[in-house]
Amino acid sequence: MTVEEIIKPENKVYARPELLTKNITHYCPGCGHGVVHRLVAEVIKELGIEEKTVGVAPVGCAVFAYNYIDVDWVEAAHGRAPAIATAISRLYPEDVVFTYQGDGDLAAIGTAETIHAANRGENIVIVFINNAIYGMTGGQMAPTTLLGQKTATTPYGRRADLNGFPIKISDILAQLDGTCYVTRQAVYTPGLVRKTKAALKKAFQNAMAKRGTSIVEVVSNCPSGWKMTPEKANEWLKEHMTEKYPLGDLKDVKE
Amino acid sequence: MAKVQGAVTIDVDRCKGCDLCVVACPTDTLALQPKDVNDRGYHYAYMAHPEACTGCASCATVCPDGCIEVYRVVIK
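These protein sequences, in sequence, are chains A and B. Residue numbering for the first sequence is 1 to 255, as defined by our numbering. Residue numbering for the second sequence is 1001 to 1076, as defined by our numbering.
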């Protein structure tokens, strides 16, 4: 069969999700944000909650997330997405509220908001993209930056005595009684992308069932900030990031 | 034995030439254009060996820009 004979609507097995808008993303080539955006769009569509989902966009690379996923959005001040999500989920309890944050937003500027929203057990989903760097501002050190990792502000590598240790914020959140589901996933292979999608689906189902706060951390890459090609960045991620941030469920409360 | 044959379409204008689909492809179907670029100057992906494609959708799964759509037929 020729390619033209195969490319027919009845043979389609994978299509671009309807909830993704036609806008071309501003993300750098190979950035994990694009994959997670697509997964969020797919999950919201599959659960049929696109009319009652409200996203809260962060400050960081994902600041323009509202341009790409066709649901209702609110833009939060830096780090304050969980606080705004709290207000929305309390004022509109029938809505499904999620925040989409990077590591600079969630683990540095918004530490207090994140921890207290999770501790209160707000019925929200927190999608946390951890790429160990401040991507948007030019690759500065974030709290999640690995020891020895070179960034714009740690040109000789991060030192524990000078810069402190990388923070495993999901492990901290997993200890809180308000969280019902805390998981750490990645998106650098097709299999892991499918697992991340399953985790996101579970998190949104938890929010629909009002079980408490769900946190899906996605260990992601930053090819531009790490000064690598996307392929090399994914190899580096696999080798170094997953060692410090091991993948898998940290907490999964049934009922 | 039934044979599975696949094909992909790539939204050339949306592609940023990140090469991740080429790495993910288990059958070496995809490659980046060696010379041609799209409107924004990226060497976009294309099917270099269309006959090898099985429609497994690995490329579309890892594509950060959602520019790949996958088609598959089972030939009995």
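Derived by calculation from the structure, the hints in this document are not laboratory data. As the structure is a prediction and not an experimental result, all values here were calculated from the model. Glycine is no exception: its CB is placed at the ideal position from the N, C-alpha and C atoms. Treat the hints with care, since some could be wrong.
To be verified - Far from chain B, by Cβ distances over 12 angstroms, these chain A residues were calculated:
hint	residue
1	N11
2	H116
3	L147
4	G191
Said to hold, decoys possible - List of simulated lysine to aspartate or glutamate pairs, DMTMM-like, C-alpha gap at most 20 angstroms:
hint	chain 1	residue 1	chain 2	residue 2
5	A	K8	B	E1051
6	A	K12	B	D1039
7	B	K1076	A	E10
8	A	K232	B	D1028
Here is what the structure says about each hint:
no. : hint             : result
1   : N11              : violated, 4 angstroms
2   : H116             : holds, 32 angstroms
3   : L147             : holds, 27 angstroms
4   : G191             : violated, 9 angstroms
5   : K8/A / E1051/B   : holds, 17 angstroms
6   : K12/A / D1039/B  : violated, 27 angstroms
7   : K1076/B / E10/A  : holds, 17 angstroms
8   : K232/A / D1028/B : holds, 18 angstroms
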